Amino acid sequence: MTGWLRRRWRLVVVRGESMAPTLRDGDRLVVRVGRRPAVGDLVVFRARDVVPDADLAWMVKRVHRLEPDGAVTVRGDNTHSQDSRHFGVVPREAILGVARGRR
Numbered sequence: 274m275t276g277w278l279r280r281r282w283r284l285v286v287v288r289g290e291s292m293a294p295t296l297r298d299g300d301r302l303v304v305r306v307g308r309r310p311a312v313g314d315l316v317v318f319r320a321r322d323v324v325p326d327a328d329l330a331w332m333v334k335r336v337h338r339l340e341p342d343g344a345v346t347v348r349g350d351n352t353h354s355q356d357s358r359h360f361g362v363v364p365r366e367a368i369l370g371v372a373r374g375r376r
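Under this note's numbering, the first residue of the sequence shown carries the number 274, and numbering increases by one thereafter.
A hint or two may mislead.
Quick list of the computed label-pair ranges, beta carbon to beta carbon [stated by the list, open to error]:
(1) Asp298 x Val324: 27 to 33 angstroms
(2) Pro294 x Arg365: 17 to 23 angstroms
(3) Trp282 x His353: 28 to 34 angstroms
(4) Asp298 x Pro341: 17 to 23 angstroms
(5) Pro294 x Leu329: 15 to 21 angstroms
(6) Arg280 x Gly361: 14 to 20 angstroms
(7) Arg376 x Asp342: 20 to 26 angstroms
(8) Ala330 x Arg376: 24 to 30 angstroms
(9) Arg301 x Pro341: 19 to 25 angstroms
(10) Gly299 x Glu340: 27 to 33 angstroms
(11) His337 x Asp298: 18 to 24 angstroms
Hint data in this document are derived by calculation from the structure and do not stem from the laboratory. These numbers come from a predicted model, not from an experiment. In this text, a Cβ means the ideal position worked out from N, Cα and C, and glycines have one as well.
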């Protein structure tokens, strides 16, 4: 049972203020692994897949638009966020999953 839960769900800790005021540094998100995102969802994705020199392993952003190939355009809730306006689309393969709750 534990292995199944780990494959389906992850707990991710937010670092930084790019999603403020929705999320704050230290908030914990429950992420549904492998779930396809919809516009408005919060997605967790591998930072280095879109920002090669990123100092973070993962990023959390809000889905702004779905691309035909499964990639997504993302935006941060904070107006000073680095997001798809800076680094382009996030490929489907880089997406860990969709946030489904906060702990």
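Hint-by-hint comparison with the structure:
1. Distance hint check for Asp298 and Val324: the Cβ-Cβ separation is about 19 angstroms, which falls outside the suggested range of 27 to 33 angstroms.
2. For the pair Pro294 and Arg365, the supplied restraint of 17 to 23 angstroms is violated, since their beta-carbon distance comes to about 29 angstroms.
3. For the pair Trp282 and His353, the supplied restraint of 28 to 34 angstroms holds, since their beta-carbon distance comes to about 31 angstroms.
4. Evaluation of the 17 to 23 angstroms hint for Asp298 and Pro341 yields a failure: the beta carbon distance comes to about 35 angstroms.
5. Distance hint check for Pro294 and Leu329: the Cβ-Cβ separation is about 20 angstroms, which falls inside the suggested range of 15 to 21 angstroms.
6. Checked against the given bound of 14 to 20 angstroms, the beta carbons of Arg280 and Gly361, roughly 29 angstroms apart, lie outside it.
7. Against the hinted window of 20 to 26 angstroms, the Cβ-Cβ separation of Arg376 and Asp342 comes to about 33 angstroms, which falls outside the hint.
8. Ala330 and Arg376 have their C-beta atoms about 19 angstroms apart, which leaves the hinted 24 to 30 angstroms range violated.
9. Separation of Arg301 from Pro341 is about 33 angstroms and departs from the stated range, judged on CB atoms against 19 to 25 angstroms.
10. Separation of Gly299 from Glu340 is about 32 angstroms and conforms to the stated range, judged on CB atoms against 27 to 33 angstroms.
11. Distance hint check for His337 and Asp298: the Cβ-Cβ separation is about 22 angstroms, which falls inside the suggested range of 18 to 24 angstroms.
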